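K.L.:
Sequence:
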Amino acid sequence: MEKTDCTALTMDVYSRWRRPPQPVGCRRMRTSSSFQWLLLSFTLLYLMHQVNSQKKGTPHDLKCTTNNLKVWDCSWKPPSGAGHDAVYEVCIKNRSRSCNQLEETNTKILALSPGDHEITVRRLHDPRSSMSKFILNEKNISLIPDTPEILNLSADFPTSTLHLKWNDKGSRFPHHSNVIWEIKILRKKSMELVKLVTHNTTLNGEDTVHHWSWTSDMPLECAPHYVRIRCYIDDLHFSGRKEWSDWSPVKNMSWSPGSRTKVFPQDKVILVGSNITFCCVTQEQVVSAQIGNKMCPLIHLDGKNVAISIHNISASASSGTNVIFTTETDIVGAVIFAGYPPDIPQNLNCETRDLKEIICTWDPGRSTELVGPRSTDYSLYESFSGKNVKFKRVEDSINESYQLFFHMIPDQEIYNFTLNAYNPIGRSESTILVNITKKVYPRTPTSFKVKDTNSTAVTLSWHLPGNFAKINLLCQIEITKTNSMEELNVTIKGVENSVYLVTVGKLSPYTTYIFRVRCSTETFWKWSKWSNGKQHLTTEAIPSKGPDTWREWSSDGKNLIIYWKPLPINEANGKILSYNISCSSDEETQSLSEIPDPQHKAEIQLSKNDYIISVVAKNSVGLSPPSKIASMEIPNDDLKIEQTVGIRNGIFLTWNYDPNMTCDYVIKWCNSSRSEPCLMDWKKVPSNSTEALIESDQFQPGVRYHFFLYGCRNQGYQLLRSIIGYIEELAPIVAPNFTVEDTSADSILVKWQDIPVEELRGFLRGYLFYFEKGERGTSKMRDLESGRSDIKVKNITDLSQKTLRIADLQGKTSYHLVLRAYTDGGVGPEKSMFVVTKENSVGLIIAILIPVAVAVIVGVVTSILCYRKREWIKETFYPDIPNPENCKALQFQKSVCEGNRTLKTLEMNPCTPNSVEVLETQSAVPKIEDTEIISPVAECPEESSDAEPENHVVVSYCPPIIEEEITNPVVDEAGGTSQVIYIDIQSMYQPQAKPEDDQENDSVGGAGYKPQMHLSIPPTVEDITAEDDFDKTAGYRPQANVNTWNLVSPDSPRSTDSNSEIVSFGSPCSINSRQFLIPPKDEDSPKSTGGGWSFTNLFQNKPND
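Just so you know, we're using numbering that gives the first Met the number 0 here: the sequence shown kicks off at 0 and counts up by one.
These are calculated hints, taken from the structure and not from any lab test. Please read all numbers here as calculations on a predicted model, not as lab measurements. Every residue, glycine too, gets a C-beta built ideally from N, C-alpha and C. Hints are not guaranteed to be accurate.
[Claimed, not checked] EDC-like, lysine to aspartate or glutamate: derived pairs with alpha carbons at most 16 Å apart:
hint: 1; residue 1: Lys505; residue 2: Asp547
hint: 2; residue 1: Lys627; residue 2: Asp657
hint: 3; residue 1: Lys267; residue 2: Glu368
hint: 4; residue 1: Lys600; residue 2: Asp547
hint: 5; residue 1: Lys437; residue 2: Asp353
hint: 6; residue 1: Lys505; residue 2: Asp451
hint: 7; residue 1: Lys355; residue 2: Glu368
hint: 8; residue 1: Lys574; residue 2: Asp596
hint: 9; residue 1: Lys138; residue 2: Glu205
hint: 10; residue 1: Lys107; residue 2: Asp84
hint: 11; residue 1: Lys107; residue 2: Asp155
hint: 12; residue 1: Lys438; residue 2: Glu412
hint: 13; residue 1: Lys76; residue 2: Asp115
hint: 14; residue 1: Lys438; residue 2: Glu521
hint: 15; residue 1: Lys793; residue 2: Glu758
hint: 16; residue 1: Lys138; residue 2: Glu102
hint: 17; residue 1: Lys837; residue 2: Asp797
hint: 18; residue 1: Lys793; residue 2: Glu774
hint: 19; residue 1: Lys62; residue 2: Glu117
hint: 20; residue 1: Lys168; residue 2: Glu117
[As the list claims (entries may be wrong)] Cβ pair distances, simulated, as ranges:
hint: 21; residue 1: Lys830; residue 2: Asn482; range: 26 to 34 Å
hint: 22; residue 1: Leu487; residue 2: Asp596; range: 55 to 63 Å
hint: 23; residue 1: Ile568; residue 2: Leu487; range: 18 to 26 Å
hint: 24; residue 1: Asn387; residue 2: Asn482; range: 52 to 60 Å
hint: 25; residue 1: Val449; residue 2: Lys557; range: 54 to 62 Å
hint: 26; residue 1: Trp524; residue 2: Val370; range: 43 to 51 Å
Can you build the whole structure from these sequences, using the hints too?
P.N.:
What follows is the structure, given as structure tokens:
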């Protein structure tokens, strides 16, 4: 706003110094740059000093504000050195009387029009002072409202509510403006901020007093509360700056406690789920606090006052919830009631019962959980009349009904009701608009009476309280008799408190009825409740029909039995006293008898002539029309008994139409098990019918009934059909009784009897015969229908068959027999029997002959095989064993034994062979010669080497040697110890046949046994042995010659009976062999290689020798 000449100079100098110098070099540029910045800083400081020096000599810093948008309050700072007596001249350019002289540094000017305005301020009487010029615009003006003033601050302690009142001074402002008020709530002496609230109002050009209320979450008695306010004016027409006013002075509100300790609030009613704070104002120290059984933390207030805060409180009991504070010396507390505000009344309905009083009812909805003085109050307000009715609650009512009574206003039909509900927590309402003439719910009719008019009509009368003179009533009469009910609607002109009469006709004579009535309006809203029922019996009339009759001839055919059924009530029209029976023919008519009720049968004696029987019922009024029936019965020779099964609860019968049937059909039925005459019931069917469904409560399932269909022609009845049937077939209750007539080895003949009709319970369809193998006590034939393979079943559908032969059985076998009968209703129980078939003699003979024949055949075949293989069997199982008595080896010559005392048994000296020579010849059959064993102790003679062939092989061989120490050693020729050596050397090949010329030289080698070693024998001895005893030693040959034995024992035996010099000692066993020696019978016979036999040898053919 202020202008000076220094500004341009400063900017010029600054811009001149800001120009960058021309670069000469990089190093020179950096040096000159620092110097230039330093010089620029000094220049700026100098210029600022000059400007400030100039301002101090003139008024400066002009500022303007406004508090009402009408006057601007402008102020400035005086020049330096100006005293309090300085006078200033303020001029506004382009304004009349624009200059004013002031002794102060502020001035008030009327609000200028929008735009820039030049204002000059100059100090008068000071030649050194210069004039200051300012540019003033509305945008530079600040709108700062005056500090608001609180007119009043009050408190409502029971509700903990502060009420604030202040004036907005709206008359000071030129036009309407929006005002924002900030209200600050402070608490406690430390003035803690509790609430900062914004409140909006509008300035309307007048001074307006505003009211504002605030409810504290803490009782006001607990601590002092403070309030102050400020405002902010939001004027849309003002373009300057808008600022908040200063805060108003603080207003406080406090409660002066007494000396007693108190708890606040007392008996508070709050909404369930709310938060609440309780405080204890006391001069003592509070120890603890609790709500109900729950302890609460303490909140310390000023002094020793404390508070507790409870969040989300739950509904309290009817007696409330206790809040307790415990001090050092006392216990104090309060009660709190938590509940709900009243629900909107549900189902509000207003109606009248007598057009005199309106009754409004409603459902209160959800329970408020508040009782007593805190419960919900209701009031009914009618807007057209302005009347208000309050609800009067019945104390200690268990089932309280919510209804209000409103007296009707004359000539007013439409009512607008508002039902208000309120309690300490809140309120609600419900409205209804009703035309009361269409909402009539009449009261229950009283004084209901019934009066006879005739046998078929009565008059009803009743009283209905109410003023119904202007409307019509719609009444409903309920007429009830046995097994039926009828409702009759009648419209009646309404009257006021009068009796209404209605006549009801078309009733049945001598019938008991129950009448009752209820009413409504013609527009119908609700029926009234039913009146008390009135029972009434109408008067009698003559019977409308004659009895239903039938007749039966007695078994001897002499008497006719007349049957009739009692008339139903609707046909008897009164109490039947008796029945008159009469009969007529072409010649005469005669009255027979009068049968008193309740007898419904009469027997009369008639001839076989054609008679017409009449039966008439009689009551106190008169006689019924006669019922007539003909006595004649037309025979029918072509009659067959048929079968049928019922459907549902009856028997359905059909027949062909017969035009000859002039009167009607009669169907009678009875239990077929009863004796004659068979009569249970009958039914008449019109002559034009061809079917009938026979139903009766006496029909039972499983009982056989006999039905007879009669047709009426020429005044007589003919039996057309005879039918037996069941309402429902059941399974038989007993099993057929059966016996066994005959048994054989492979069959059983069974015979059974019929089941009685009473126990059959259906039409027999056949028998099921089961049989299986089994003995009594072990066979249990179960699950007969399961299709087991071991149970055989025969289905017998021929009902005339009473016997059954079961064939293809096994002899001497127990069979389990079961017989069952079945109908279409199921299979009956079973009867079982155990039967054993006879023994089969042919089978026994066959069973004996077959094993015998098989044994004979096996024996014959075995004998043939044994005969053909006898040699092999003998050789295998019973070989020839040599007789030791015939063995030469055991025979000693007497001369030898007696003559030579030095002859002893052979004692073999140890011989260790060192070579085995195998001789090979050029013969066609190769053979292995005797093995020569050369012992270092007993050397073999040299003659044996001459007989060896040219080609021979010497093989080193050392057989196993068993040495035995001789108990009596004898010094041999070499003077060494004598030892017996056993050598296991057997021939590798069987001995081959030798030519005769070789036998003489090698008689020993040609035998079946060869010794394991060859001993040196003198030629004379060998020749003698070969010639004299060759035949005797052919079967057995000793291992060595006795002449070569060393006779060391003086006790060795010597034979003296023989001339031979050969001495053999007696064992069939080889000295050097471990096997028993059995030579073959012939030399050419092959030798067995094993001691066992093979099964294949049995079937091998060997040539017989």
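K.L.:
Could you run down the list of hints and mark each one as holding or not?
P.N.:
Checked hints:
| no. | hint | in the structure |
| --- | --- | --- |
| 1 | Lys505 / Asp547 | 25 Å, violated |
| 2 | Lys627 / Asp657 | 22 Å, violated |
| 3 | Lys267 / Glu368 | 14 Å, holds |
| 4 | Lys600 / Asp547 | 12 Å, holds |
| 5 | Lys437 / Asp353 | 12 Å, holds |
| 6 | Lys505 / Asp451 | 13 Å, holds |
| 7 | Lys355 / Glu368 | 36 Å, violated |
| 8 | Lys574 / Asp596 | 9 Å, holds |
| 9 | Lys138 / Glu205 | 27 Å, violated |
| 10 | Lys107 / Asp84 | 19 Å, violated |
| 11 | Lys107 / Asp155 | 45 Å, violated |
| 12 | Lys438 / Glu412 | 10 Å, holds |
| 13 | Lys76 / Asp115 | 21 Å, violated |
| 14 | Lys438 / Glu521 | 11 Å, holds |
| 15 | Lys793 / Glu758 | 23 Å, violated |
| 16 | Lys138 / Glu102 | 27 Å, violated |
| 17 | Lys837 / Asp797 | 29 Å, violated |
| 18 | Lys793 / Glu774 | 21 Å, violated |
| 19 | Lys62 / Glu117 | 14 Å, holds |
| 20 | Lys168 / Glu117 | 32 Å, violated |
| 21 | Lys830 / Asn482: 26 to 34 Å | 49 Å, violated |
| 22 | Leu487 / Asp596: 55 to 63 Å | 34 Å, violated |
| 23 | Ile568 / Leu487: 18 to 26 Å | 21 Å, holds |
| 24 | Asn387 / Asn482: 52 to 60 Å | 56 Å, holds |
| 25 | Val449 / Lys557: 54 to 62 Å | 55 Å, holds |
| 26 | Trp524 / Val370: 43 to 51 Å | 35 Å, violated |
Comparing the model with each numbered hint stated earlier shows that hints 1, 2, 7, 9, 10, 11, 13, 15, 16, 17, 18, 20, 21, 22, 26 do not hold.
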